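Q: Based on the sequences and whatever the hints tell you, model everything.
Note that the protein sequences, when read in sequence, are chains Y and C.
Terminal number for the first sequence in my numbering: 230, no gaps in between.
Terminal number for the second sequence in my numbering: 253, no gaps in between.
Because the hints were derived from the structure by calculation, they are not lab data.
Here the structure is a predicted model, which means the values were calculated and not measured.
Be aware that a few hints might be false.
With a straight-line Cα cutoff of 20 angstroms, these simulated EDC-like cross-link-like pairs (lysine to aspartate or glutamate) come out [to be verified]: (1) K115(C) to E4(Y); (2) K193(Y) to E96(Y); (3) K237(C) to E216(Y); (4) K237(C) to E96(Y).
These stretches of chain C come out as covered by chain Y in the derived footprint (C-beta under 8 angstroms, 3 or more residues) [claimed, not checked]: (5) 177-187; (6) 199-205.
Glycine residues also receive a C-beta, built at the ideal position from the N, C-alpha and C atoms.
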Amino acid sequence: MSNEHTVKSYEEELQFLVDSVIKMGSLTESQMVDSMDAIIKVDKDSIDKIIKSDDEINKFRSKIDTQIMTLLVKRAPMAIDLRETISSLKISQDLERIGDLSKSNAKKVKPLPLDLPEELLSNLKRLGELVIKQLNDVLDSYVNKNYDKAKEVWEKDEQVDDLTYIAMESVIDFLSKDKKNLDFSTHLIFATKNLERAGDHITNIAESICYLIKGEYLKGSRPKGKVIQE
Amino acid sequence: MSEVKIKSNNLNVFYGDKQALFDVNLDLNEKEVTALIGPSGCGKSTFIRCINRMNDVIDICKVTGNIEIDGVEINDENLDVVSLRERVGMVFQKPNPFPKSIYDNISYGPKIHGKGETKSELDEIVERSLKKAALWEEVKDRLDEPGTGLSGGQQQRLCIARAISVNPEVILMDEPCSALDPIATAKIEELIDELKKTYTIVIVTHSMAQAVRVSQKTGFFHLGKLIEVGKTEKIFKNPDNKMTQDYITGRFG
Chain Y
1 MSNEHTVKSY
11 EEELQFLVDS
21 VIKMGSLTES
31 QMVDSMDAII
41 KVDKDSIDKI
51 IKSDDEINKF
61 RSKIDTQIMT
71 LLVKRAPMAI
81 DLRETISSLK
91 ISQDLERIGD
101 LSKSNAKKVK
111 PLPLDLPEEL
121 LSNLKRLGEL
131 VIKQLNDVLD
141 SYVNKNYDKA
151 KEVWEKDEQV
161 DDLTYIAMES
171 VIDFLSKDKK
181 NLDFSTHLIF
191 ATKNLERAGD
201 HITNIAESIC
211 YLIKGEYLKG
221 SRPKGKVIQE
Chain C
1 MSEVKIKSNN
11 LNVFYGDKQA
21 LFDVNLDLNE
31 KEVTALIGPS
41 GCGKSTFIRC
51 INRMNDVIDI
61 CKVTGNIEID
71 GVEINDENLD
81 VVSLRERVGM
91 VFQKPNPFPK
101 SIYDNISYGP
111 KIHGKGETKS
121 ELDEIVERSL
131 KKAALWEEVK
141 DRLDEPGTGL
151 SGGQQQRLCI
161 ARAISVNPEV
171 ILMDEPCSAL
181 DPIATAKIEE
191 LIDELKKTYT
201 IVIVTHSMAQ
211 AVRVSQKTGF
221 FHLGKLIEVG
231 KTEKIFKNPD
241 NKMTQDYITG
251 RFG
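A: Now the structure itself:
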């Protein structure tokens, strides 16, 4: 942001807003790591903690909303400050939705049998790792205001789509072997889909960051991988 | 896209030894509002005063370069300045009605420009101008009362009515709301929106929010130079020039 505002408290308010988004982002990231861990290890003990952490994320969201309202009323931000304010609003919305999806995934651990075959989970695990990496990268690009990195994340969502397809296929294969698996396989399919959706929110965040930095929306359509038709 | 009404080419203004404007090239579109912003002393008022040659009244002031209205050079020595000012009206920061009745404030201009021959013609001009300035309903029953007895906001609308009474093509406004409260300001802004259907308007303002609300085009001046000009939305969301950004976000200094 180069030069400082003539009004110092304005500077501090904007920085405080950005810091809140960063903190919210890091909470969302750890929640996603925990929920992926819980699925892969079928760790039912951690479910409650993950659900609880979602409350924290939601609280952050309301706090950020209030900060934004105050900033708009008090400062009527313009240009880069306006974009900073509006992108905080949008990014915090997407982070909250990602938090909801991680919570939903944690809840899916409950009905899973403890002896899930490893080949069933390996693709889901790869997908989870990729989405976590995407989230980490996008937050990094926000902290460092790195346009190229945000754009890279946006483009890489194609891989999330492809891996979602593969992970879905492996669950469906497993399911087709024995109808008894229907119940928990369905949960795994939903969990896979949730990760894909989280990936979409991450691309939204990447778009917000690009707009924040350059003041224009990313041009053209995002590369898309194989998708399961809904 | 609107047509260009006023065009300045390499406009320079000097007050004695001091140069107030440096090579300003700025096109103002017809029936559009152009806002000029910038810190005090940046030359924005000097610029609009060139459009109706108000600077002529300052002895030490020298203007070089061109300003064209509808393609006609207005700095021409042979140009009739009185008829120029009939075409280019002006409204100032502080409402300045004549110490006369509301009626006379409006009819004065048309009379000296030979526009209202009879009483009924003048009556019609007064009514039309006051209606256009959204003041008619408030003053129609007391047209013979002094204009100076009106509230600040009403006085400013009276001045706008006075400016439009001679049917100008351009209206210059130099911080027209800076002495008004928010409601009176809102009325003037709404009026500007209405007036732009008929007139080309140039407004100098220190309020960024006002520039965004009323104008389609914005020019940013700094130390006598036009730094950036563009669509208002672009200037306030994503200006190209860093100096513009620093000014509108309050980082100047």
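Q: A separate judgement is required for each hint: does it hold in the structure or not?
A: Do the hints match the structure? See the list:
{"no.": "1", "hint": "K115(C) to E4(Y)", "verdict": "violated, 55 angstroms"}
{"no.": "2", "hint": "K193(Y) to E96(Y)", "verdict": "holds, 17 angstroms"}
{"no.": "3", "hint": "K237(C) to E216(Y)", "verdict": "holds, 10 angstroms"}
{"no.": "4", "hint": "K237(C) to E96(Y)", "verdict": "violated, 26 angstroms"}
{"no.": "5", "hint": "177-187", "verdict": "violated (count 0)"}
{"no.": "6", "hint": "199-205", "verdict": "violated (count 0)"}
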